[in-house]
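**Student:** Residues per chain, in single letters:
There are 2 protein chains.
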Amino acid sequence: MKQQQTFDIVLIGSGKVATHLGRALVQAGLPVAQVYSPTKAHARRLARELNAQAVTDPKQVFDFAELYIIAVKDDAVADVVKKLPDVNGLVVHTSGSVPLAAISSRFANAGVFYPLQTFSAKRKPDFKTIPVCLEATNKPALAQLKQVAKKLSSTVRVIDSAQRAQLHLAAVFANNFTNHFYALAQELLQQQKLDFSLLHPLIRETAEKATVLSPAAAQTGPALRNDKKAMQAHLALLKKNPKLAALYKTVSSGIQEHRKKHGT
Amino acid sequence: MKQQQTFDIVLIGSGKVATHLGRALVQAGLPVAQVYSPTKAHARRLARELNAQAVTDPKQVFDFAELYIIAVKDDAVADVVKKLPDVNGLVVHTSGSVPLAAISSRFANAGVFYPLQTFSAKRKPDFKTIPVCLEATNKPALAQLKQVAKKLSSTVRVIDSAQRAQLHLAAVFANNFTNHFYALAQELLQQQKLDFSLLHPLIRETAEKATVLSPAAAQTGPALRNDKKAMQAHLALLKKNPKLAALYKTVSSGIQEHRKKHGT
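So the sequences go chain by chain: C and S.
Quick note, the first sequence lines up with residues 20 to 283 if you use the numbering used here.
Quick note, the second sequence lines up with residues 20 to 283 if you use the numbering used here.
There could be a bad hint or two in this list.
Any copy will do: because identical chains look the same in the list, a pair fits if it lies in one copy or spans two.
[To be verified] Below are the PhoX-like pairs computed for lysine-lysine, each with C-alpha atoms no more than 20 Å apart in a straight line: (1) Lys59 - Lys35; (2) Lys280 - Lys258; (3) Lys147 - Lys170; (4) Lys35 - Lys262.
Since the hints were made in silico from the structure, they are not lab data.
Here chain C stands alone, though its shape is the one from the complex (with noise of 0.2 Å):
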């Protein structure tokens, strides 16, 4: 049955970046053949909600598909890439940081399909929203990608391993690092019996506004303003925590070489 799809798609993997984009190709009308993780368990939850084959055993991967997607961590994709059969069909990976060599040093048909968001096992991701990066080894290749991407996403972009690697470190500091930033504040506030909530409406107006505006454009406080007296006080606060308060200098300072670096 599954053999005479006329597009056929394995996806290789089962956390949480497989299970959203196998539930968005589905959707999309791009059906999964095959679900492979070495955990069976995990192989048969996904491929059974995607109406696909569960393996768990890299020797049963279809070797007929036509796209391999290889949704794995980061540091587990050169395992894949070695214990996949040799195949004919486009091979890709949906890693940020790892390069589109790690698939083609061994496949000629090779390709990334990056969709840059923060994926969550209890957040159902709008698809339509979330950009995909691609790349390819070749012409064919990435103009079946498009055609996949595009008919998940209204964001497509072709970028190479070089933007791909400063896209995904720029994607750190604007979800990673904010993130604990909004860690620290939760703390701070639990240190004077406060709830985190006083600060989701900053949170979310901060994130809006500097999508709407730009970040630059969206800055002020204290050290913007360089308003020594301001400054003065909250590291008065810190000062039974060095290293909050270090930290706090650097991003004034940052905050305030930005401004003259940019005029803003």
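Got chain C sorted already, so can you dock chain S onto it with the hints?
**Tutor:** This is chain S only, laid out in the frame that chain C set:
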């Protein structure tokens, strides 16, 4: 005419907070009788919009109003307090970082009415969602402030000056500092001719996720996983920018320490 109103409010200031707060008061059925600003054009613009009287000389400020709201820059509060006529009504400021004493040092009926949000000239805030943090020198004053605040917002909290100072510091982390990281991300993208809009969905989701889960639970990334290879790759991209590389290391260590401390 104005003198016969049962609840007179004098609004002092004409900037972003004064403007948005003035509009919200009027919309909530709490008329503003007078707007004071030393800059004539500003006082007139806002007074006209709020259907209030504009005054530019502190001596002209009504001395019989029930509520005086000082919505000026943090470092201008003291000066305004000095210049106001002797009044019996309740005098409050709207600042996160200014203690109650800045007003209670002169006025017996003193308070703080701190709306915790970042205001922009061009964005209409939804006041209902904005937490309003209150403090007052006496119970009737606090009751009066609560009455006003509840007409504007669905989140009203009574907090003391020490709590408010810490809340303001936390807001700097959650707003000013995260916005700076957005700006750094934008800069990184520009270096590779990539558009900042690629990060908009990630930024929105990061903020949303931190409010739905908690920031500690939402934390991801190379630092959390201690993925040394990914971190080395990022630092290699930053080798021409030692300050940014140092910041990357500092925040990454912070994420790792936070994890150890809180076990997430």
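**Student:** Failing hints, ascending?
**Tutor:** Per hint list: single violation, 4.
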